[in-house]
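Colleague: Residues per chain, in single letters:
Number of protein chains: 2
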Amino acid sequence: MIKVAVDAMGGDNAPGEVIKGAVEAVSDRRDIQVLLVGKEDVVSQELKGYSYPKDQIQVIPASEVIETEEPPVNAIRRKKDSSIVVAMNLVKNGEADAFVSAGSSGAILVGGQVIVGRLKGVERPPFGALIPTETGVSLLLDSGANVDARPSHLVQFARMGSIYMEHVIGISRPRVGIVNIGAEEEKGNALVKETFPKLKACRDIHFTGSIEAREIPHGGADVIVCEAFTGNVILKLYEGVGSTLISMVKKGMMVTLRSKIGALLVKPALKETLKKFDASQYGGAPLLGLKGLVVKTHGNAKAGEIRNSIIQCVTFKEQQINEKIKESLDAEEQDIEQ
Amino acid sequence: MIKVAVDAMGGDNAPGEVIKGAVEAVSDRRDIQVLLVGKEDVVSQELKGYSYPKDQIQVIPASEVIETEEPPVNAIRRKKDSSIVVAMNLVKNGEADAFVSAGSSGAILVGGQVIVGRLKGVERPPFGALIPTETGVSLLLDSGANVDARPSHLVQFARMGSIYMEHVIGISRPRVGIVNIGAEEEKGNALVKETFPKLKACRDIHFTGSIEAREIPHGGADVIVCEAFTGNVILKLYEGVGSTLISMVKKGMMVTLRSKIGALLVKPALKETLKKFDASQYGGAPLLGLKGLVVKTHGNAKAGEIRNSIIQCVTFKEQQINEKIKESLDAEEQDIEQ
Chain P
1 MIKVAVDAMG
11 GDNAPGEVIK
21 GAVEAVSDRR
31 DIQVLLVGKE
41 DVVSQELKGY
51 SYPKDQIQVI
61 PASEVIETEE
71 PPVNAIRRKK
81 DSSIVVAMNL
91 VKNGEADAFV
101 SAGSSGAILV
111 GGQVIVGRLK
121 GVERPPFGAL
131 IPTETGVSLL
141 LDSGANVDAR
151 PSHLVQFARM
161 GSIYMEHVIG
171 ISRPRVGIVN
181 IGAEEEKGNA
191 LVKETFPKLK
201 ACRDIHFTGS
211 IEAREIPHGG
221 ADVIVCEAFT
231 GNVILKLYEG
241 VGSTLISMVK
251 KGMMVTLRSK
261 IGALLVKPAL
271 KETLKKFDAS
281 QYGGAPLLGL
291 KGLVVKTHGN
301 AKAGEIRNSI
311 IQCVTFKEQQ
321 INEKIKESLD
331 AEEQDIEQ
Chain Z
339 MIKVAVDAMG
349 GDNAPGEVIK
359 GAVEAVSDRR
369 DIQVLLVGKE
379 DVVSQELKGY
389 SYPKDQIQVI
399 PASEVIETEE
409 PPVNAIRRKK
419 DSSIVVAMNL
429 VKNGEADAFV
439 SAGSSGAILV
449 GGQVIVGRLK
459 GVERPPFGAL
469 IPTETGVSLL
479 LDSGANVDAR
489 PSHLVQFARM
499 GSIYMEHVIG
509 ISRPRVGIVN
519 IGAEEEKGNA
529 LVKETFPKLK
539 ACRDIHFTGS
549 IEAREIPHGG
559 ADVIVCEAFT
569 GNVILKLYEG
579 VGSTLISMVK
589 KGMMVTLRSK
599 IGALLVKPAL
609 KETLKKFDAS
619 QYGGAPLLGL
629 KGLVVKTHGN
639 AKAGEIRNSI
649 IQCVTFKEQQ
659 INEKIKESLD
669 AEEQDIEQ
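Chains as they are written, first to last, in my numbering: chain P, 1 to 338; chain Z, 339 to 676.
It is possible that some hints are incorrect.
[Said to hold, decoys possible] Mimicking DSSO-like on lysine-lysine, the simulated pairs with C-alpha atoms at most 27 Å apart in a straight line are:
#	chain 1	residue 1	chain 2	residue 2
1	Z	Lys640	Z	Lys589
2	Z	Lys574	P	Lys193
3	P	Lys271	Z	Lys605
4	Z	Lys536	P	Lys275
5	Z	Lys525	Z	Lys536
6	P	Lys251	Z	Lys605
7	P	Lys271	Z	Lys588
8	P	Lys260	Z	Lys417
9	P	Lys275	Z	Lys574
10	P	Lys200	P	Lys324
11	P	Lys79	P	Lys3
12	Z	Lys640	Z	Lys417
13	P	Lys250	Z	Lys525
14	P	Lys276	Z	Lys609
15	Z	Lys613	P	Lys250
16	Z	Lys598	P	Lys275
17	Z	Lys598	P	Lys236
18	P	Lys251	P	Lys193
19	P	Lys236	Z	Lys614
[What the hints assert, rightly or not] From the derived model, a few chain Z residues whose C-beta atoms are all more than 12 Å from chain P:
#	residue
20	Lys417
21	His505
22	Gly600
[Stated by the list, open to error] If you want the footprint, here are the derived chain P segments under chain Z, 3+ residues with CB under 8 Å:
#	segment
23	150-156
24	209-222
25	264-276
Hints were generated in silico from the structure; no laboratory data involved. Yeah, the Cβ is synthetic: ideal placement off N, Cα and C, and Gly gets one too.
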């Protein structure tokens with residue numbers, strides 16, 4: 001049985017969609033117990049609308065809510081009874097294996113580091129976001145945790161990301177690429193130029209060199225390593241261009257009578273294709289390198305994404321990702337010492 | 339009469355598409371003279387296949403070609419008779435008003451600075467790329483010229499970009515946004531945090547604050563300012579996600595008989611819509627802040643993009659963009675002196 005704490009109060013669609021997602025997860029899987037953390041009356045009231053295996057959902061009271069606009073360090077320090085702080089403490093104390101939240105990224109990042117704590121040797125825990133590609137899915141990290149990173153951080157991202165893609169997603173020898181503005185080794189900014197040889201020298205990853213942003217949607221690498229500013233720009237632009245184009249395609253099909261009839265005919269097939277390009281099916285972005293598992297979903301996550309994020313925690317736990325990260329970093333340390 | 343030097347040897351589709359584009363430009367406009375720079379026999383041979391107003395195209399011989407892979411500084415120094423160096427010299431000596439090339443970005447950048455030269459006061463000439471949005475077009479700069487820029491460079495990009503959008507594209511009081519990973523002023527990396535107040539204090543631009551990458555395709559700002567690494571990632575991802583989605587939509591419509599019939603019906607309307615999202619219709623990216631006009635098109639530019647880039651030079655020249663940039667930077671200098 002995997003215990004997943006879920007932030008019932010976090011995100012644009014909380015608590016409704018969050019609770020719906022939790023109910024869906026426990027209805028699908030007998031091996032998950034969800035701890036719904038939030039305002040007790042609100043959560044219990046919402047739960048009444050569903051039928052689900054009662055032994056698989058427990059409500060954990062938390063009277064406060066951290067808003068997205070709040071400065072995260074202050075919020076984590078002051079709002080001791082917020083859903084995020086209470087849930088993080090459950091993970092820290094071993095009462096939960098994982099935590100899923102659609103709430104403030106900043107607070108999740110700070111809480112993850114301060115309350116749950118980093119694994120020994122991890123310098124900066126990155127957000128690893130799964131992004132859809134033409135051929136499957138890639139892991140983009142750091143997708144927004146720490147800006148202005150150093151080369152050693154990027155090397156750790158590559159190691160942790162490789163472990164994640166191999167054992168959670170099931171891609172053997174995942175190809176690692178560093179985001180760059182040209183294919184040649186001598187291209188790039190100062191950070192990339194300094195990181196490139198370090199990745200090349202890293203023995204436990206399958207480094208395939210630079211990846212230009214154009215190649216990302218084509219599935220040019222399985223693990224895409226970059227600094228968090230660049231990563232966040234990539235993640236958000238990916239979603240922005242995708243949604244803009246899809247809405248333009250929809251509008252474009254509605255301009256003439258002829259095209260409207262055509263739209264009715266292509267709709268089912270098109271829907272199936274575009275589903276492949278929908279980030280929410282892959283669940284949220286784990287904050288890698290913590291002593292427990294913390295997963296951030298999109299702020300506007302609907303029930304489906306919450307459900308998928310909860311289920312994703314099972315594989316993470318079963319595959320002992322954190323143990324594997326620890327081993328990898330220990331081996332790295334020994335390498336340096338020798 | 340505007341004289342535009344065109345690199346007949348640059349790009350993946352040279353000389354065929356380049357020469358075709360030049361012929362199209364002079365066939366459409368009586369006020370343009372094209373100087374086709376490249377291997378004389380090759381260019382003359384290719385030209386024989388077209389009928390066009392003979393007085394509007396002149397062949398300027400250049401025996402060498404700079405390849406994309408060549409280190410740019412060396413190439414510009416050594417290949418004195420390359421199409422890029424010969425054409426840049428035409429601009430420098432006033433024999434041409436502008437230069438259009440689909441060749442090596444690096445060589446165009448180095449040649450632009452070393453041969454054509456920067457306008458007095460310009461610290462770093464950025465590539466300004468026009469990108470399509472839901473509502474029209476935005477200027478992204480720096481889209482790839484100089485990585486690791488300083489705040490003062492970004493402020494100059496904002497000033498030059500505003501002048502370009504106002505006078506070449508015709509948007510009055512263009513909104514200037516700085517690419518950021520959150521909407522609030524305190525978000526961002528060190529560069530953005532330092533640049534933000536400087537842009538806010540800049541009196542001759544209409545600064546509207548941070549723009550998240552998600553908002554770029556929705557037309558969230560007219561002038562999008564960022565450092566060249568980020569800018570190049572945005573530009574290439576834009577194209578990558580766009581082309582991937584369009585190819586997925588096309589494939590998606592071909593899976594069932596029903597959808598195939600629908601595809602035939604929606605095709606014309608859809609084509610019209612997606613044309614709006616095609617970057618090549620806007621022509622190439624000017625290298626702003628030089629003593630002459632230098633425009634870089636996509637490496638894989640077809641005739642249409644070459645034609646549009648040549649025609650774009652007329653507006654640039656007529657609107658005296660360089661004179662306006664000089665005035666703006668002079669005013670800035672006086673501001674600082676006071």
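Colleague: A separate judgement is required for each hint: does it hold in the structure or not?
Modeller: Evaluated hints:
1. Z/Lys640 to Z/Lys589: 24 Å, holds
2. Z/Lys574 to P/Lys193: Measuring from Cα to Cα gives roughly 20 Å; hence the hint holds.
3. P/Lys271 to Z/Lys605: Holds, at roughly 17 Å.
4. Z/Lys536 to P/Lys275: Judged against 27 Å, a Cα distance of about 43 Å means the pair is violated.
5. Z/Lys525 to Z/Lys536: 15 Å, holds
6. P/Lys251 to Z/Lys605: 13 Å, holds
7. P/Lys271 to Z/Lys588: Roughly 12 Å between the alpha carbons, so the hint for P/Lys271 and Z/Lys588 holds.
8. P/Lys260 to Z/Lys417: 57 Å, violated
9. P/Lys275 to Z/Lys574: Holds, at roughly 23 Å.
10. P/Lys200 to P/Lys324: Judged against 27 Å, a Cα distance of about 21 Å means the pair holds.
11. P/Lys79 to P/Lys3: Cα-Cα ~24 Å, so holds.
12. Z/Lys640 to Z/Lys417: 26 Å, holds
13. P/Lys250 to Z/Lys525: At roughly 34 Å apart (the allowed maximum being 27 Å), Z/Lys525 and P/Lys250 break the hint.
14. P/Lys276 to Z/Lys609: Cα-Cα ~23 Å, so holds.
15. Z/Lys613 to P/Lys250: 14 Å, holds
16. Z/Lys598 to P/Lys275: 19 Å, holds
17. Z/Lys598 to P/Lys236: Violated. Z/Lys598 to P/Lys236 sits at ~33 Å, over the 27 Å cutoff.
18. P/Lys251 to P/Lys193: Distance of about 44 Å is beyond 27 Å: violated.
19. P/Lys236 to Z/Lys614: 21 Å, holds
20. Lys417: Fine: 19 Å to the nearest Cβ keeps Z/Lys417 off the interface.
21. His505: 27 Å, holds
22. Gly600: 3 Å, violated
23. 150-156: With 0 residues closer than 8 Å to chain Z, the segment 150-156 of chain P misses the three-residue bar; violated.
24. 209-222: Result for this restraint: holds, n = 7.
25. 264-276: holds (count 11)
Hint compliance for this structure: hints 4, 8, 13, 17, 18, 22 and 23 are broken, all remaining hints hold.
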